[in-house]
Amino acid sequence: MSLQAAIDSGIFRFYALAILSLLAFAGITIAILRWRWPQKMDHAWRSYLGWLMMVPLVIGAIFLGRFAAVFLFTIISIFGFKEYARATGLYRDFFMTGTAYLGIIAVGITCLVTDPNLHTPGWYGLFIVMPVYVIAALLMVPILRNRTAGQLQVMALAILGFIYIGWMFGHLSFLTNANHAYGYILYLLVAVSLNDVAAYTCGRLFGRHPLRSEISPKKTWEGSIGALIFSMILPWVMWFSLPDFTPRELILTGLIVGIGGQIGDLAISVIKRDVGIKDTGALIKGHGGILDRIDSLIFTTPLFFHMISFYHPIQ
Amino acid sequence: MEEWNYQTAEDLDQTLAERLRRFPREPDIFVYGARLAGALTIRLLLKAWHRFTIRGQEHLPRQGSFIMVANHSSHLDALCMLSALPMGKLHHAFPAAAADYFFVSLPRLALASIIVNALPFHRQTNLRQSVSLCQNLLANDSPGNILILFPEGTRSTNGQMNPFKPGIGKLVAGTSLPVLPCYLDGAGKAWPKGTWCPRPCRVTLTIGQPRQFQSYGQSREDHDAIAAELYQAVQELAEQKPAE
Chain X
1 MSLQAAIDSG IFRFYALAIL SLLAFAGITI AILRWRWPQK MDHAWRSYLG WLMMVPLVIG
61 AIFLGRFAAV FLFTIISIFG FKEYARATGL YRDFFMTGTA YLGIIAVGIT CLVTDPNLHT
121 PGWYGLFIVM PVYVIAALLM VPILRNRTAG QLQVMALAIL GFIYIGWMFG HLSFLTNANH
181 AYGYILYLLV AVSLNDVAAY TCGRLFGRHP LRSEISPKKT WEGSIGALIF SMILPWVMWF
241 SLPDFTPREL ILTGLIVGIG GQIGDLAISV IKRDVGIKDT GALIKGHGGI LDRIDSLIFT
301 TPLFFHMISF YHPIQ
Chain B
1 MEEWNYQTAE DLDQTLAERL RRFPREPDIF VYGARLAGAL TIRLLLKAWH RFTIRGQEHL
61 PRQGSFIMVA NHSSHLDALC MLSALPMGKL HHAFPAAAAD YFFVSLPRLA LASIIVNALP
121 FHRQTNLRQS VSLCQNLLAN DSPGNILILF PEGTRSTNGQ MNPFKPGIGK LVAGTSLPVL
181 PCYLDGAGKA WPKGTWCPRP CRVTLTIGQP RQFQSYGQSR EDHDAIAAEL YQAVQELAEQ
241 KPAE
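In order, the protein sequence lines correspond to chains X and B.
One point on numbering: in the numbering used here, the residue at position 59 of the first sequence is 59, and numbering is uninterrupted.
One point on numbering: in the numbering used here, the residue at position 226 of the second sequence is 226, and numbering is uninterrupted.
To be clear, the hints were calculated from the coordinates, so they are not data collected in a lab.
Quick reminder that beta carbons are idealized off the backbone N, C-alpha and C, glycines included.
Among the clues, some could well be false.
[Unchecked claim] Label-pair restraints from in silico Cβ distances:
#, chain 1, residue 1, chain 2, residue 2, range
1, X, A18, B, P24, 46 to 52 Å
2, X, R145, B, K189, 45 to 51 Å
3, B, R22, X, S47, 22 to 28 Å
4, X, M140, B, L127, 45 to 51 Å
Using the sequences and the hints, build the whole thing.
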């Protein structure tokens with residue numbers, strides 16, 4: 001991935017044009033509807049402003065190349081972990097959170113450096129074992145501080161947060177080293193977002209039976225099945241984005257996004273319900289926090305990554 | 001299994017601007033890091049650009065809460081006062097800053113909140129709440145908080161000290177809180193009100209002996225008397241000349 005590669009890539013140009021056009025069209029439509037029904041369209045407008053902030057940032061980073069993309073994804077990871085730490089109370093332990101932040105930065109670095117053995121971009125061997133080193137460092141924190149009270153909770157929260165938000169989401173950074181990085185990353189980002197939209201839309205239109213009433217009261221089986229059907233169809237429509245994929249991989253992609261996306265959403269909801277909060281933050285207008293935005297992506301990205309690498313060399 | 005205890009941040013659902021305006025603030029590792037980096041930079045710049053000198057640092061109490069009061073003629077004042085404190089106390093030091101000036105636009109809000117750790121002081125509206133905030137802050141004696149106040153209420157423009165407002169008396173009357181009178185020489189000349197950029201003038205901070213006002217009551221006369229005594233103490237520091 002590089003500036004020149006983005007300009008030359010038909011896939012990148014297609015996605016950039018399609019996404020930015022959709023953003024412009026949605027903006028004009030919502031603005032007109034808002035002029036006619038200001039109160040009804042207020043939530044949609046705030047949600048749109050959030051997209052207006054996020055989309056150019058992500059497209060811009062991917063356009064600028066591998067370093068910019070990894071940098072942005074790592075920053076997102078850091079702020080996602082920060083929201084998790086503030087929601088669970090872990091944020092008060094600076095040593096534990098500081099160690100986790102350093103671990104997340106280390107994950108980002110492994111995605112950027114050259115593999116010393118294979119001389120390919122991204123040090124996969126170190127990336128994949130990073131959880132071992134970071135967990136070891138996190139377990140050492142209470143030992144070095146000679147503390148026991150409350151440390152099991154703090155260690156468990158830190159380890160879960162790093163693995164889930166730092167390392168699993170970090171697979172998106174490592175995807176920047178893939179042979180078909182633009183196709184994989186942009187497909188994943190678009191597919192996961194559309195999966196959420198499909199679940200919401202189908203839920204609103206047909207939803208009757210709650211999916212997981214204790215975890216997410218508004219989600220329904222009808223919405224989930226609708227999203228799954230949509231996500232199973234999308235890879236076939238966007239096959240050009242996934243050049244080496246056989247029908248088997250397209251089906252698996254559909255399942256990963258369709259089912260994994262919703263499990264990711266529910267997983268963060270479990271944490272939010274247990275802690276007793278509605279949103280993980282208020283950083284993104286109309287969307288809540290960063291975690292609320294990337295919850296589906298955190299779950300689907302590593303599954304997608306390892307599905308690809310099982311059948312094709314990533315690099 | 002016993003349930004875990006989650007101490008969620010109280011400002012979790014607030015926007016960035018709301019969180020910066022909020023006081024007291026939730027601890028934040030990034031803010032603390034930025035503040036330390038900012039403090040190091042400011043101390044270096046003060047030394048290099050203003051040949052900043054501090055006298056009387058030995059008067060600073062080692063533990064517990066205390067107040068520092070000084071004359072006010074420049075935006076440099078709070079930065080100079082903070083630079084006199086050990087780095088370890090930075091996150092427990094709160095210069096009072098006018099809420100109607102520093103806590104409005106996002107850039108000033110970010111600087112005041114993150115770098116200076118300012119306490120928003122409502123000069124015109126809600127003065128009682130601001131005083132109550134200061135009292136709560138000072139009641140915490142372990143590890144102790146440091147309040148930096150400029151009892152003139154606004155920056156002097158003519159090099160002369162304005163009389164101290166009686167609010168300082170309300171805070172300390174009848175308490176054993178140490179109050180350190182301080183004098184800043186040269187700050188008003190280096191960065192006067194109305195200018196954008198500080199000039200390379202020498203700035204000196206003199207910290208006086210701590211005073212306590214246990215014997216004073218809560219009458220208006222007592223508050224005025226305390227304000228006058230502290231005004232006099234700062235004047236005396238101004239009249240001391242450094243050894244050549």
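For each hint, the structure was consulted:
no.: 1; hint: X:A18 / B:P24: 46 to 52 Å; verdict: 47 Å, holds
no.: 2; hint: X:R145 / B:K189: 45 to 51 Å; verdict: 48 Å, holds
no.: 3; hint: B:R22 / X:S47: 22 to 28 Å; verdict: 25 Å, holds
no.: 4; hint: X:M140 / B:L127: 45 to 51 Å; verdict: 50 Å, holds
Hint violations for this structure: none, all hints satisfied.
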